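Dock chain B against the given chain A, drawing on the hints supplied.
From first to last, the protein sequence lines are chains A and B.
Counting from 1, position 141 in the first sequence corresponds to residue 141 in the working numbering; the numbering is continuous, with no gaps.
In the working numbering, each residue's number is its place in the second sequence (first place is 1) plus 1000.
Source of the hints: derived by calculation from the structure; they are not laboratory data.
Remember, predicted model here, so these are calculated numbers, not experimental data.
The calculated label-pair distances, taken between Cβ atoms and stated as ranges, are:
no. : chain 1 : residue 1 : chain 2 : residue 2 : range
1   : B       : 1151      : A       : 52        : 49 to 57 Å
2   : A       : 15        : B       : 1042      : 40 to 48 Å
3   : A       : 138       : B       : 1092      : 41 to 49 Å
4   : A       : 112       : B       : 1089      : 37 to 45 Å
5   : A       : 2         : B       : 1042      : 57 to 65 Å
6   : B       : 1012      : A       : 160       : 34 to 42 Å
7   : A       : 58        : B       : 1089      : 42 to 50 Å
8   : A       : 204       : B       : 1264      : 54 to 62 Å
9   : A       : 22        : B       : 1156      : 22 to 30 Å
Which residues of chain A face chain B? A few of them, derived with a C-beta cut under 7 Å, are:
no. : residue
10  : 111
11  : 114
12  : 118
Partial selection, computed: residues in chain B whose CB lies under 7 Å from chain A:
no. : residue
13  : 1025
14  : 1107
15  : 1140
Backbone N, C-alpha and C define an ideal beta-carbon position, used for all residues, glycine too.
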Amino acid sequence: MEIQKTELHIENYILEVERSIYEPIVDRDVGRMPVDALKAFFLLLPLLNGERWNNHLDAVAIAVGAVHAAFDAHDSIDLSDATSRQQQLSVLAGDHFSGVHYRLLASLPDFGFIRSLSGTIGHINEMKTTFHDRSPDGPAQLIETVRTIEAGCITDFLRTYGFSEYVPLASAALPLLWLDRRKTDGNFDWYARSGRGMNIADADRAAAMLHAEMQEAVDAADFLEPFLQQKIRKLATPLLGKLN
Amino acid sequence: MSLYVDFRKDFAYIEKELERSVNSSSPIIRQASLHLLRAGGKRIRPIFVILASKFGTYSLEDVAKVAVSLELVHMASLVHDDVIDDSDMRRGFKTVKARWDNRIAMYAGDFIFSRALTSIGEIEIPAVHQLLANTMLEICKGEIIQIDHQRKTDQTIRDYLRRIKRKTALLLSSSCELGALVSGADPEIVRKMRRFGYFTGMAFQIVDDILDITSTDKELGKPAGSDLLNGHLTLPILYIKNDAQFRPYMERSFDGTLTEADRQAMLSYIRSTGAIQMAQAVSDLYLQKAMDELSALPDGEAKKAFMQITAFIGRRKY
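The following block holds chain A by itself, in its conformation from the complex (with noise of 0.2 Å):
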């Protein structure tokens, strides 16, 4: 039941962000931003965990989605060549996502949110510049560039609307579950396309270093509902197999 509700509260989330940056030209010849669930669980796990939730929380996690389609579309451009048609609606899609992002912190009108957010968006974009050229140097600095890159928004709105016990807990599982995913794919290149490979040896110990954080988050997070617990336990499990 209580999985159930959970499914259908990231369900409706991820329908309400796809809605709103919602644009018909690039829905046509670029096809829908898929919206990644696991950023959506942990962004809403104060939510699904029974915390006091409003109107204003609503309207700015979509915000926060809006930035990671608009991040997603723009990974997407080709290093050298973005002028097919396609690509060209890529970089403007990621703009829009962008603008769409603002127009609803804007309407709220939410401008602590809107100052801290566009801090998060700069260093987000700090650091995928400066790993672009080079790969991170050893797993502790690849896990600050993951950590900040994957859930450096979802910190900050956690952290800005009073739900910073639940940051330990996306701030551990988000970087590891992207290095997971790179690992499932056989996909070493460091940060989107760059061409750039990850050293695979950093790359296995930072997961291991992940993993053991991020037991250790659920470990203390008492205030998690049990079944919250057991998904967060549950969606590291398949890794354990692939640590070295």
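Only chain B this time, still in chain A's reference frame:
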């Protein structure tokens, strides 16, 4: 321009704030942003914000936050446009995508955009944010439509005017409106500023599209006729798109088979048709409407400067 001299102090402060706002821990982003800032540009949006603010209670600190934000939104969109158009040169300088690559251009553009929001985020006036957010979405919509219209020869002048409204006029209109709003100007002045910015922006883009045909490569800092080479039909082209002598040039521009000699011949031909004069007449009409809006505003240095700018836009050569 003399008006930049008249407001030199304010302008210098805004330039400093622009540089400060794009300071970054990433050396590449820092270089890319400063490279863009130093490539110059007319800074027409910041000057519009300054001047419009003079009709209310002027605070340079607040004005700078809005002006910086608008210039950064404009800069970010240029960086992404260069990726879309695969442009290697802008204003005589290598573009970010040419100097680094498309991905760096995407990140740099997104970074600059984020700093635009950081800057304007300090202004806690809901109407300011709602206006800027809607403007940004409309600009983007205009660009999406431009891609959709690319190489389509069945578009009309009405389509073109709608497109440039979103592409250029709205940001200038919003620059004026935001300047007036942030200084708490009278609502009637805010309305007049919005309309003035819109008419001026329409004229500005039409002149820009004319200059793409009448200027030299050196003056433009990129090949003349780039709009057509990128598949964009501008106002002069719409006037002659069915001209039997011009049509083969247009088709070769679109399929990428236009030679350098063809390009030069095409530009000469367009200049000889009268299309430039017809487009200029439309621009003049918009400028006249802009002047009409100004006439009802209180006299003073801001009104005088706006009039100078309007006159400059009509006769600018760059």
